[in-house]
Amino acid sequence: MASSTSIHVAVIGAGIVGASAAHFLAAAGARVTLLDASGPAGGATGASDGAVSVASKRPGPMMDLARHARAFYARCEREGLFRGLFHRRSTFLVARTAVEADLVAQHGADLARAGERVFEVDRATLLERVPGLGASVCAALEIPDDGHALGYEITERLLRGTSVDIRRSAPASEIVTQAGRVAGVAVRDDLLAADAVLVAAGIGSAPLLGLGDILIPRKGQMVVTDRAGSAGPAIDGHLMAASYLAAKRGIVRDNGHIGLVIDPLMTGQFLIGGSREDHRSDHTTDASTIAAILREALDLYPPLAQRRVLRSFAGVRTASRDGLPIVGPHPRHDGLVVATGFEGDGICLGPLMGASAARLLLGQNPDVDLSALAPERFLRAEVHA
Amino acid sequence: MSSHLFWNGVPIAFEPGETIAAALLRAGIVDLGRPDDGPGGRVFCGIGACQGCVVTVAGAAPVEACLTPARDGLRLGPLPWIGADHG
Amino acid sequence: MAEVPILVVGGGPAGASAAATLVEAGLRVLLIEQRDRLGGAIHRQTASGAESPVWRPARHRRNWAALTARLGAAAERIDIRTQTVFLGVDGEGRFLFEDRRSERVLARRPRAAIIAVGAIETIRPFPGWELPGVMTVGGAQVLLKETGRPPAGPVLIAGSGPLLPALAAQLARAGNPPVAVLERGRPWRAPGALARLILSGGPTGEAASYAAVLAAHRVPYRCGASALRAEPDGDGLKVACRIGTSEQSLHVRHLLIHDGIVPNRTGIPLPAPEAAVPVLQAGDGREALGADAAILDGRRAALQVLARLGHASTAGAASLERPLQRARDFQAALAEALHSARVAPSPETLICRCEGRSYADLAALAEDASAREIRLMGRFGLGACQGRLCGPMIEALRAQPLPATSSPRWPLRPVSVAALARLTADETE
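Chains as they are written, first to last, in my numbering: chain A, 689 to 1073; chain B, 22 to 108; chain C, 1315 to 1743.
None of these hints come from the bench; they were simulated from the model. For glycine and all other residues, C-beta sits at the position ideal for the given N, C-alpha and C. Certain hints may be false.
[Unchecked claim] These stretches of chain C come out as covered by chain A in the derived footprint (C-beta under 8 Å, 3 or more residues): (1) 1398-1408; (2) 1658-1666; (3) 1670-1684.
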């Protein structure tokens, strides 16, 4: 405690990653200032679905990390931090054509290899679990150990009752370094002195770290419907179309591709997404994209015809050039840690990645192997004279 | 000759051109929800803004009772209860 | 190919006046109205299409008859779509509508747009305002106009403003005088404002006739009085009221509340008269000045559009400014005369009815909370009314404007999933 009580950490970005880091830093006795250009959950954290899902992850390090991250959610739920906010639920990977069925089967095999429980579900069983499912669904897998949480609720819970000094409308403009060590953060015309800095600012991380060519904004449009019922989720699992897997596995790269997910919220509402629009960082939604998403959703789950759209919105995911997040110490500046590039996986990975970043900032080793995410792979190449 | 819609299965007469809200209120139906479940639906602003009078329509999306003309055979009921207790 | 029309949203006095002015100048108009008939809240006709039997000033009947005659005279240039709900403008500039008859969403790219969607009533929340049996005064008035029938059983009217005695008199004339009218304000404490009201040339004759009807039906009109709480009581409501310094309880079937009106601006595109597609607001949706001013304001917006499109000079517009200013002065004097200090509601008072959020939930938010936090963490403005009802309450209670969301939102109203999914291509006619 002695060493950490004396350190002041500036965390840039009050999304789920920054909030988690701030929470665990404060819990360890550090003084924490949390800066955000708008406010908590102001970026992708507040505009995403609620999938804490291993089922959707690309095979390899992301699938493994997601399993740890989901276990971290479960632990935080058990220990009280996320009580009432994290819910176990199944993910259904559904196929509507033979080609999609092959893709789903292959993905299921990859999940099983990673140690995940995967069940094949025949159409009759699936109809019992999700009454009204579309006639086009020909194959499905159930991943029973996935979960649900909303990014903004987790963010609020992580910050509630902590000693973290939250500064809203405080955009960081520069990381200030001195002799190879971080000295603070410039916020507008002021310098906030800090012993250590975490950059977890989503697409806002790019100008701070000179990662403009590495980080790509990818807009996703979504809708929320009214409530189908009053007693919790309207269907017994998260519906994920093969089109979403195709995008995640890099099989489809069309700009504007729709990776369909139907996320039944605890309120009885549905969250339906979403488009994948590269190099779009605006938050507008357009009727032709939203209508296309809804046509896909109605084909998969026709009972949505009895719902109304309450709102449409867009989130901007931050993707890195190689598709993996960037998490770890900055190779050239002591005391600077990076955690960004989570694309659509920030809600799932966020709490664990924030906790890991907190350990790094306190000079400790993280509990999981982050080597595949190391910033060196992008930042090492730049040699300063 | 009279036309009827159905509220929770009970036939309610209406006059041509009348809204669902007018027909229900004339029949003395003020509470458009289920009393055990917190505040029920109700006609409030009369201009579609408050969404308080939205009712479930069998086989279609819900509609505002205050904006929607009554139609013969329309089967209506309350919306599922709204509210923040979803933790 | 047919000429691209000017879009007018809202078939009340402002929209009808704007549309009439545009078609008289030879332009084509697409007029969108959410109800099955034009008229808006003020000129609402009966369900059968007959003139409403509800007692109201003759001036209103004349005004509406004149507007419908003007629209009828140029019927071939005006496309009126009723039962069509305006959904807003999407990120690519499409104006979106839900046609409730055909259950389709339509997209249009008009030459210009005049948005005249009227006002919404504000209320000051108290425990029980959310209960069935509680209705707005304006909502009850619209129903009365449509059906000719007053609500059954004892009725109490509470809140503030001239609409209270107006509806009370209409209900009395229709056969169900309210048990009382409780006006929150104490106008005699603002004699200067009262004097300005009387001298303003406002509808004082109208006020006198309402007063006469209330007196004839022995309806008490109490100033400095308000509804404090309502709770379910058998088939109706038990309403605790403060009248002067005493508190008393009334059993009624309906409680009608109203504390003024504000422009209905939630999600409405901001005025952009210089944009490639000029967008203007008109009527109570721009500035809540009442039905007479709305007719002038609709004309003003239409003249601005005509000037912008190079069709006419704005010469006619200047003559509209003086009566609009008079309406503004009248509303200001009225607001001053009826001003009453705002008291914070008790913590359990519901603020957002859609999502069941209380004043305690609102007070728990950080003072500098962002729009996103108020919406997502507070769940205020997230429900089906899109914050239309709780927005003005929250602004008043926090004594600061709600922070804007990052981009304009659509749909402005909840829209059927199936109808929106049927939008397959741009229809720009």
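- Message: Taking beta carbons only, do three or more residues of the region 1398-1408 of chain C come closer than 8 Å to chain A?
- Response: Holds: 4 residues of the region 1398-1408 of chain C have a Cβ under 8 Å from chain A.
- Do three or more residues from the region 1658-1666 of chain C put their C-beta atoms closer than 8 Å to C-beta atoms of chain A? violated (count 0)
- State whether the coverage of the region 1670-1684 of chain C by chain A holds or is violated, taking the criterion as 3 or more residues with Cβ-Cβ distances under 8 Å. Holds: 4 residues of the region 1670-1684 of chain C have a Cβ under 8 Å from chain A.
When the structure is compared with the earlier hints, a violation turns up for hint 2 alone.
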